[in-house]
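K.L.:
One letter stands for each residue in the lines below.
There are 2 protein chains.
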Amino acid sequence: MSEKNAAIIIIGNEILSGKTTDVNTTFLTRELRGLGVRVQRVTVITDDIDDIAQTISAYLKAYDLVFSCGGIGPTHDDVTMAGIALGVNRPLVQDRVLLDYLKKNYGPVLNAAQLKMTEVPEGTELISVASLRVPVLRFKQLYIFPGIPELLVRKFNAIKERFREAPFYLVKLYIFLPENAIAAQMHEMLLQYPLLQLGSYPKLHKSDHKVVLTLESKEKPYLDEALQALLVLLPDDAVVRIER
Amino acid sequence: MSEKNAAIIIIGNEILSGKTTDVNTTFLTRELRGLGVRVQRVTVITDDIDDIAQTISAYLKAYDLVFSCGGIGPTHDDVTMAGIALGVNRPLVQDRVLLDYLKKNYGPVLNAAQLKMTEVPEGTELISVASLRVPVLRFKQLYIFPGIPELLVRKFNAIKERFREAPFYLVKLYIFLPENAIAAQMHEMLLQYPLLQLGSYPKLHKSDHKVVLTLESKEKPYLDEALQALLVLLPDDAVVRIER
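Chains as they are written, first to last, in full-length UniProt numbering: chain A, 1 to 244; chain B, 1 to 244.
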């Protein structure tokens, strides 16, 4: 089954210095998973043109979908557009449609800071959606979002259906044994079901379980068969409960 | 002023699939900032040996300090040690001291899963601290932490003083004007004070301010001088309050 791989780039010194907690990663990873998209990497980088350029350039080569968050405002530290332009070796050009949008929002005469926000790498598409005040910007498979969580959520939700793939199916098993007591069975499991995504997450302070196992697949019959096989492999009464 | 650059590697499919929110990044970035260390990059990668190997290898070349979180338990998806070993081209070897630690915790006879946790890349140092049940593992400038936040916090706190550098100084200005009204002054500011770290963060729903400006430097006199210059540049009464 063909499947799109995605990467997320969070641009912002404020995250790296610990002054702001990144909430965009949690939102985007959950949403993309729900849409059936596999996120392969998340990277937080500085508000630095070279950093942005190198990361964008590398990720456009490596991933089917790339999402950037942050650095698209009017101030000196908003260098995402310049970084993308450098990374893909295209000039920054003023977009007339974006200019009209900004004039509608700010009035007919824009200052230098507002004009800066009309400049995009040549070849950028504007995705206009009725529910949005300003369009979402796309350059090839890179979708360029703002860093402000509320604005990002609004923009992502407006265009999310274009990313939908076949869904993932998930089963969670709550296990009262420690990880090392079931590690051999997990290993055996993956020999039998190599395509199963199998996760094992120890929990320190739960009274009724010590580990959560997650079984995932895009193929529901394969997942169901693997689950039955695992239940046979595990010691009697090891499973406290099953969630799907 | 020489200064150490750091990178953080979060290893875990559960973060990338949105099932778990990463809290280790917030903890580590805040702590490292407080210690005067500049975090340059955070990357979340899959529980995949090649992914880990390539990232570790690249980051050991690029950063003075590297912190990895996750993937050091006993199960099939804990492949951090194998990934590091591959990335730095060293064999995995059983560490006798680690073996003794684990026997003390689990009893004299270890199962295969427990024995797996005694294998480390050749050349790994064990940092034993009285307050810890098991030592922190270090390979060159890479510090290898568990993914479970409570264990990571305990281990990091036990050894954090070894990372301390000259501190950062920070001033926050709360501004009641929008970003585009002060962008020109910010630009001018950086021409006058190129070494200043200047951040501008719009706030959507605050009644008394629209932007928070952050001024940072490791040189306190430089920061104080820049602050005075900025206050002169900004329009009268633009600053609602100043926090240091």
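Incorrect hints may appear among the rest.
The list cannot tell twin chains apart, which means a pair is met if one copy fits it or any two copies do.
Said to hold, decoys possible - The list that follows gives simulated cross-link-like pairs (lysine-lysine, DSSO-like), each with its CA atoms no further than 30 Å apart:
hint, residue 1, residue 2
1, Lys103, Lys203
2, Lys206, Lys103
3, Lys19, Lys4
4, Lys172, Lys61
5, Lys172, Lys203
6, Lys210, Lys61
7, Lys218, Lys103
8, Lys104, Lys218
9, Lys206, Lys4
10, Lys220, Lys104
11, Lys210, Lys104
12, Lys19, Lys220
13, Lys210, Lys140
Since the hints were derived computationally from the structure, they do not count as laboratory data.
K.L.:
Please list, smallest to largest, the hint numbers that this structure does not respect.
P.N.:
4, 6, 7, 8, 9, 10 and 13
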